[in-house]
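Participant: Letter by letter, the chains look like this.
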Amino acid sequence: MTEFDTDRGSLNAGLAIAGLLAGSVLLLAAGRAPANGHRNGRAAALPPRRSSRKRPTVVAARRLNRAAGVLAASVLADSSVEHYRGSFKNKAMYTPLIVSASTLATSLHGTADARPAAHWFRDATYLTAAVSGLIGTGFHIYNVGKKVGGFSWQNFFYGAPIGAPMAILLSGLLGFCSERVRESRKGTRPEIFQLPAGRTMAAVIGAGLLGTSGEAGLLHFRGAFHNPFMLLPVTLPPLGAALLGRAALAGPGQQHRATRWWMRVLAAMGFAGVGLHAYGVSRNMGGWRNWSQNILNGPPLPAPPSFAGLALAGLAALELMEDHPDA
Amino acid sequence: MSDNPQHTPRARRGRAPDVFRPGGWVPMREYGEDETVDFAIVGTGAGGGTLACKLAEYGFSVVAFDAGPYFRPLEDFASDESEQTKLYWTDDRIVDGANPLQLGSNNSGKAVGGSTVHFAMVSLRFRPEWFKSRSLLGYGADWPLDWREMWNYYREVEQALKIAGPVNYPWGPPRPRYPYRAHPLNAAARVLAKGCEALGIGWTETPLATLSAPRGLAHPCVYRGFCVAGCSTNAKQSALVTWIPRALAAGAEIRDLAMVGRVEVDAAGRATGVHFHRDGTWHFQRARHVVVAGYAIETPRLLLNSTNGQFPDGLANSSGLVGENLMAQSNQAVWGLMDQEIRSYKGPPSLAITEHWNYEDKGKDFFGGYSYMSQGPLPQLWANTQMAARGLWGARLMSDMQNYNHVAGLKIVGEMLPQENNRVTLADEVDQFGLRIPRVTYSWCDNDKRLIAHALKFMTQALEEADARDIWTQEDDTCHLNGTARMGSDPARSVVNADCRSWDIPNLWICDGSVFPTVGGANPSLTIQAIACRTADRIRDLAGRGELDQPARRRYAAQTAQ
Ligand SMILES: Cc1cc2nc3c(=O)[nH]c(=O)nc-3n(C[C@H](O)[C@H](O)[C@H](O)COP(=O)(O)OP(=O)(O)OC[C@H]3O[C@@H](n4cnc5c(N)ncnc54)[C@H](O)[C@@H]3O)c2cc1C
Ligand code: SF4
Numbered sequence: 004m005t006e007f008d009t010d011r012g013s014l015n016a017g018l019a020i021a022g023l024l025a026g027s028v029l030l031l032a033a034g035r036a037p038a039n040g041h042r043n044g045r046a047a048a049l050p051p052r053r054s055s056r057k058r059p060t061v062v063a064a065r066r067l068n069r070a071a072g073v074l075a076a077s078v079l080a081d082s083s084v085e086h087y088r089g090s091f092k093n094k095a096m097y098t099p100l101i102v103s104a105s106t107l108a109t110s111l112h113g114t115a116d117a118r119p120a121a122h123w124f125r126d127a128t129y130l131t132a133a134v135s136g137l138i139g140t141g142f143h144i145y146n147v148g149k150k151v152g153g154f155s156w157q158n159f160f161y162g163a164p165i166g167a168p169m170a171i172l173l174s175g176l177l178g179f180c181s182e183r184v185r186e187s188r189k190g191t192r193p194e195i196f197q198l199p200a201g202r203t204m205a206a207v208i209g210a211g212l213l214g215t216s217g218e219a220g221l222l223h224f225r226g227a228f229h230n231p232f233m234l235l236p237v238t239l240p241p242l243g244a245a246l247l248g249r250a251a252l253a254g255p256g257q258q259h260r261a262t263r264w265w266m267r268v269l270a271a272m273g274f275a276g277v278g279l280h281a282y283g284v285s286r287n288m289g290g291w292r293n294w295s296q297n298i299l300n301g302p303p304l305p306a307p308p309s310f311a312g313l314a315l316a317g318l319a320a321l322e323l324m325e326d327h328p329d330a
Numbered sequence: 002m003s004d005n006p007q008h009t010p011r012a013r014r015g016r017a018p019d020v021f022r023p024g025g026w027v028p029m030r031e032y033g034e035d036e037t038v039d040f041a042i043v044g045t046g047a048g049g050g051t052l053a054c055k056l057a058e059y060g061f062s063v064v065a066f067d068a069g070p071y072f073r074p075l076e077d078f079a080s081d082e083s084e085q086t087k088l089y090w091t092d093d094r095i096v097d098g099a100n101p102l103q104l105g106s107n108n109s110g111k112a113v114g115g116s117t118v119h120f121a122m123v124s125l126r127f128r129p130e131w132f133k134s135r136s137l138l139g140y141g142a143d144w145p146l147d148w149r150e151m152w153n154y155y156r157e158v159e160q161a162l163k164i165a166g167p168v169n170y171p172w173g174p175p176r177p178r179y180p181y182r183a184h185p186l187n188a189a190a191r192v193l194a195k196g197c198e199a200l201g202i203g204w205t206e207t208p209l210a211t212l213s214a215p216r217g218l219a220h221p222c223v224y225r226g227f228c229v230a231g232c233s234t235n236a237k238q239s240a241l242v243t244w245i246p247r248a249l250a251a252g253a254e255i256r257d258l259a260m261v262g263r264v265e266v267d268a269a270g271r272a273t274g275v276h277f278h279r280d281g282t283w284h285f286q287r288a289r290h291v292v293v294a295g296y297a298i299e300t301p302r303l304l305l306n307s308t309n310g311q312f313p314d315g316l317a318n319s320s321g322l323v324g325e326n327l328m329a330q331s332n333q334a335v336w337g338l339m340d341q342e343i344r345s346y347k348g349p350p351s352l353a354i355t356e357h358w359n360y361e362d363k364g365k366d367f368f369g370g371y372s373y374m375s376q377g378p379l380p381q382l383w384a385n386t387q388m389a390a391r392g393l394w395g396a397r398l399m400s401d402m403q404n405y406n407h408v409a410g411l412k413i414v415g416e417m418l419p420q421e422n423n424r425v426t427l428a429d430e431v432d433q434f435g436l437r438i439p440r441v442t443y444s445w446c447d448n449d450k451r452l453i454a455h456a457l458k459f460m461t462q463a464l465e466e467a468d469a470r471d472i473w474t475q476e477d478d479t480c481h482l483n484g485t486a487r488m489g490s491d492p493a494r495s496v497v498n499a500d501c502r503s504w505d506i507p508n509l510w511i512c513d514g515s516v517f518p519t520v521g522g523a524n525p526s527l528t529i530q531a532i533a534c535r536t537a538d539r540i541r542d543l544a545g546r547g548e549l550d551q552p553a554r555r556r557y558a559a560q561t562a563q
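Read top to bottom, the protein sequences are chains U and V.
Numbering (our numbering) for the first sequence: 4 to 330.
Numbering (our numbering) for the second sequence: 2 to 563.
With the rest of the complex left out, here is chain V (with noise of 0.2 Å):
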């Protein structure tokens, strides 16, 4: 049989792929499509692989579905960007608005293990302030979360992918140490410090999920640099090599190659389990929950096409917000040359970073706040840069490539505020499962574009201080996407509550990156898992208190008539 993953599913038979060993498997359990499991969680990635693990952990039943591959780093994983496009989201999606979005590489994984496995692994803490950016700091929505439970629990994701940092975090209340030391950093990452050395702010080594010394069978980081191509060497800590072992040891099954079309809703108005399209037909599993974590895209799309007679608008979707403020964050850069080499493309791309913008409010015209990181561009995303950021074609391409060891970049990522008009929202247009596709409408407003104005002259001046010449902009650039099903306090105004719990079905969860109210100007992996962590913690606390079939609308009315 083909063992193209590709193609046939490998998590089968009661074994799935051993990542950490070539041709190697471990056990799996399996469960019947007729058996009830107490979770279906729909998507593999920071949110869904870290609650399937700590679900199966806590002894419940587990089945996590993912559209995509299972792959196994050491061998399926080529030093070659085409090949690499395998990791992505490609499949038909229709972009529209003012700033249409660039969907796949920069924004969208399909495999076990979702997005993290060609993630560039930078593992930021949010602001506290940004929990409750509202009321704290007058735009966007507050979390219904604690800024010092989500302390513990970042600790705790830190732990688990054994984050390497910086032996003191120059911002923010104090954190533990990093359980792994900072990499070394590389000739770019030293551009960044010397521009902030210069202009007087702080800068530090970036923390990063990937190994600075050995832990297991997982080898440290060997620098070369293909992270946003998928890491060979489980050097990256995705969670395909962190949290699924740990799910499959614990007992969750995962299937690969699973795409679910559909969550279920009986007359009663619970979701009864998911229809997924695995070996060419349509399979239906039960479920006691499902969980939703196809990440902020793939969530709104699924939940939008699970209409029924009850539900005509969408699961979970009495407030309408399901698939509105939707959040990329910005991710403009400034490039320039360097007469000594720099070749940025050794070692992970972002080895420094500096947050001044993010917790420095004073000097802004702007709400919200940046990061920028150093960068380590691969030849072929550097070369469609230069194509599509400055149209050099041709000549003038080839002879600008010839820069390509002397080149040092900064880029941003950056605050984008919540509008309900950034939306996905379901086309006519069907995929090859005869689903609806999703249409991704995108604007910037005002607010993101005086952001945006502020990072690139800022980063122009730390580049001319660092001695860069020939400086340009590369001004529309966006990663990550987060928003479109956002968690609140108020079932009117989110669609769940800090739980990841639907106020619409009490057991729909939705625990990935769509749950975030604002983005702050940090990655958002640690802030997934984070949550997800916590939101296990949640379900095994309410099980052992006999309230995980209540109403979260109950739980609601309750407080607010307190």
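Pulled out of the complex, with its shape left as it was, chain U reads as follows (with noise of 0.2 Å):
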């Protein structure tokens, strides 16, 4: 039984920590590159096409590649760890870590990128992150219900993750919006889909937040709740998602500035819940000592983070729908 294969060297485990944190740190570095400046590298070696300097809308778009960044980052350390654990015993298993990574380098090049165009790169692979975590879900859905016991509790505890791919399909989706966003044309509403681009995202990214919300209130209520700390990314997400509909829907000109609050809330959280969850692997036998054990057996360091991708994400949307009131 795989959920008992904890014996074996943890190298995987370590790696995806590490690349987690790698992937965080760059991104955040990305992030901080002043919005209108060329980065040493790859973006710089492109020709300029057109000057960003302070173009909402490409704020806005590195600022979403950042948010999609993160959460291909957490999904990238996650499906690592899980994966391993499940001895990557179907070839396919592999798909999310190369999804993944790659989605993760495309996100650092748009989060550095401060041209107003899309890429046709970052859209081919956003969508493939995108499609992969539908593929995912499916696959899921069904490994749950071939198991004995179908679609239980028992199953869906311990089955494979439904929500999990979601975090991908999420990830290209912003992705993908980020290029939208980044390609509309000034003084133009930014668009996606011919929808307001700040108002969908909004209602993208709360529907994302409820869904993972979701996903770590089963992995919680597995748990028992038995640390109080557990209900915070059942309460506050849910919270946060209620906030962004009601931006989604609410005519232009308003500040939002209590939604944004909310989001930078979130995102510490979900940062926060990485220390959370090192203190739940420090409860298991051995605690920290036993790490290669305790990483697979403990709540997953790399889940949380997806709530910060989301919250980064909400708050570029609201900053859009600021600078670009129609949007």
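Heads up, some of the hints might be wrong.
[Claimed, not checked] Calculated lysine-lysine pairs in the BS3-like style (CA-CA distance at most 30 Å, straight line): (1) V/K458 with U/K150; (2) V/K133 with V/K450; (3) U/K92 with U/K150; (4) V/K365 with V/K458; (5) V/K450 with V/K365; (6) U/K149 with V/K458.
[Said to hold, decoys possible] Label pairs and their in silico Cβ distance ranges: (7) V/Y360 with U/L242: 38 to 48 Å; (8) U/L221 with V/P177: 19 to 29 Å; (9) U/N93 with V/L138: 49 to 59 Å.
Just so you know, these hints were derived from the structure itself, not from any lab.
Positions of the beta carbon are idealized from the N, C-alpha and C atoms, including for glycine.
Combine the two chains into a complex, taking the hints into account.
Facilitator: Here it is, written out as structure tokens:
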């Protein structure tokens, strides 16, 4: 039974965590780059097409890339650990690693890129991520259903997590949206499929928050909410989703200050969650000294930052709406 | 000084081992032998440990004795089946009858925490009708307890042990949600599930007294399957890591390596305390009340060994029923080979269960019920089983052991009927303390045999449906001991009343598996603990009303006069 195959060395787990850390650091560093400046490296090597000095759509697009990257990093680390734990029994289990790694790289590129034009390669990667998220969800649903007991609590708790591939779907969607925002022409309303971009994204991110909260809820229910902090990801994000929903429906010219603050709270919760999960790992037999087993047994370290990814995306959407009241 | 807990008592000088911290201690209140404590409790297992905790929390002064050592699971428990036999009660006993019981590993523990230190953690509620099996189902004897009241006490125990169970339990009246979620099923459990689904009966994850999430300083289960050899992570919620630490914190004293040899009764027919052997000599502890909780063999043995002029047949024995109606539970199994790897030892041994035949009465040619569970024997036990049940030895045994990782099995916990001839009496031989040893006489009745035959046939079918091959049956095994001091509502036909108080001696109580009038087809420890919680509440209430010293018989007389 793969759930119990925990006695091998956990190089992959370590690599995944290192990957998550490195990814987050890179993203945050990239995010800190001036919104109007070209950085050295790949982005700078491409010929500039148009000036993008402080163009709000580009700022928003870069922020969205960063958010997509945080999500992708979380998926990369999480699926590495979990699929390693599942001994990569099925070759398809490598897919999320490859897809999320390329999404992460793409988002780094998008975060650094200050030009107001979509990039076909980024579009392609983001779309691939979204599609693989959908297919992965299908796979996971199939896996849960085929176990004895079918769609039962036991299999939802311990079978392939239904919600997990949604994170890469969301990452892909955010990236795809960022490209649409980025390429919108100056003076026009940024749009996604002819819908106002800011509001559409607020709705999508709100739904993403609800879904992610649902997954945290399922797994924290499995852990019997034995620690009161486990209630946070099932209470704060739905409120955030409601606030984003309200922002999506509100007319132009609103400030949404509370919503923005709430997104910051959620981002903080997402990163702090890693610390709480690290504490959770320590409560298993042997604590951190027995890290190679307990990282696999304990609460997943890379999972909580997906809330941060969504919250950062929410912030980007809200700020876009502020700059483009009709967006 | 030696820190071997089997040779030197650990709970002394105002402190007891802290089972959660290697080398740690917790403060322990101590009572002088001349100090008359409210309760002297003999045995610290499911019954005695629970009662000690509850009574201490209600403010009574309590000293609880155990003949066994005070183990520190984090340090003292090895991943070695042979080493862990130190948990069993293996003092001399004589067994006879048509189906002599095999005593020791599978039915009695000797340690602070009692048999729960190496029990398999299956934590089931009784089927409500079993509390009235004579009037409602036509066999056995009625309990003087109401299932609805028990339902509340079950809940208390499930909370206290953070039982990990299914979100919805398929059988019986609704019960509150288990405090912790069920554990993941191992492959052996999935074999059970597959068989049940093919035969169209219900199954579920077994409610287990082992943590599926952290709890305080106790770690969640690591699924290494050493449970019946003692759990070295403290995931198992034995009395040793649950009730006993609470009892200490509430001011109870635990005396380890303290064998009680005799309950003293004065001329007025009241218990005055207990004689116990510790540190090489006999001592006497005064007490206002004595509770015997040594399990279904040692409890009657102690009562029978405590004779005096006034009670020549043993204490609390005016009914003549002390020692009688001993009930084991049938524990037969069906084993088979699966093509895929099973590695049934991974995880607690019984992760999946069906109670179908506990709750379904149609299609039975016997009284009573049985549950059956998936199994996870450790290698040594498995080799023993192959040898004892199939006579395998030498090359055959070696080659069969090669299949160990592919074996799946189903095992019942079956109801055996109470019979007065199944009993504990005293042999003439004496043990290391000079105390007469118990003679345990056991024979199956026809009903027991019919139940076993039904179960073996049904489980064979279930294994076949799950695609097992080379199926064979293990026909002679028993587990769990109960009866021998049954509770009832008539002093002529029972030893204690519903409050576990003896009819004959007002301040002598019996609170363990001995008091069961019937056993049902469910493992007993949850019920033992629930009864102990109820007894503690009754004692508190009686004390509150100033009735604690009123004999049980007077209340019975008042009731029957009405
Ligand atoms: C291997 C195994 C697996 C089991 N699995 C399960 C299970 O899965 N589910 C379940 O519900 N039940 C299970 N049981 C049964 C369960 O453990 C017992 O029914 C329960 O512990 C009995 O409680 P008790 O208080 O009557 O006795 P015990 O828990 O046995 O406690 C009695 C204590 O009294 C002490 N004692 C006895 N006589 C004296 C004396 N004269 N002086 C001092 N101390 C004395 C003993 O040392 C012992 O520690 C299992 C038992 C075993 C052995
Ligand atoms: S499987 Fe779980 S309960 Fe059993 S011994 Fe190991 S940790 Fe303890």
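Participant: Against this structure, judge whether each hint is valid.
Facilitator: Against the structure, the hints:
1. V/K458 with U/K150: 27 Å, holds
2. V/K133 with V/K450: 23 Å, holds
3. U/K92 with U/K150: 15 Å, holds
4. V/K365 with V/K458: 12 Å, holds
5. V/K450 with V/K365: 13 Å, holds
6. U/K149 with V/K458: Satisfied, since the Cα-Cα distance of roughly 29 Å is no more than 30 Å.
7. V/Y360 with U/L242: 38 to 48 Å: 44 Å, holds
8. U/L221 with V/P177: 19 to 29 Å: 20 Å, holds
9. U/N93 with V/L138: 49 to 59 Å: At 51 Å between Cβs, range holds.
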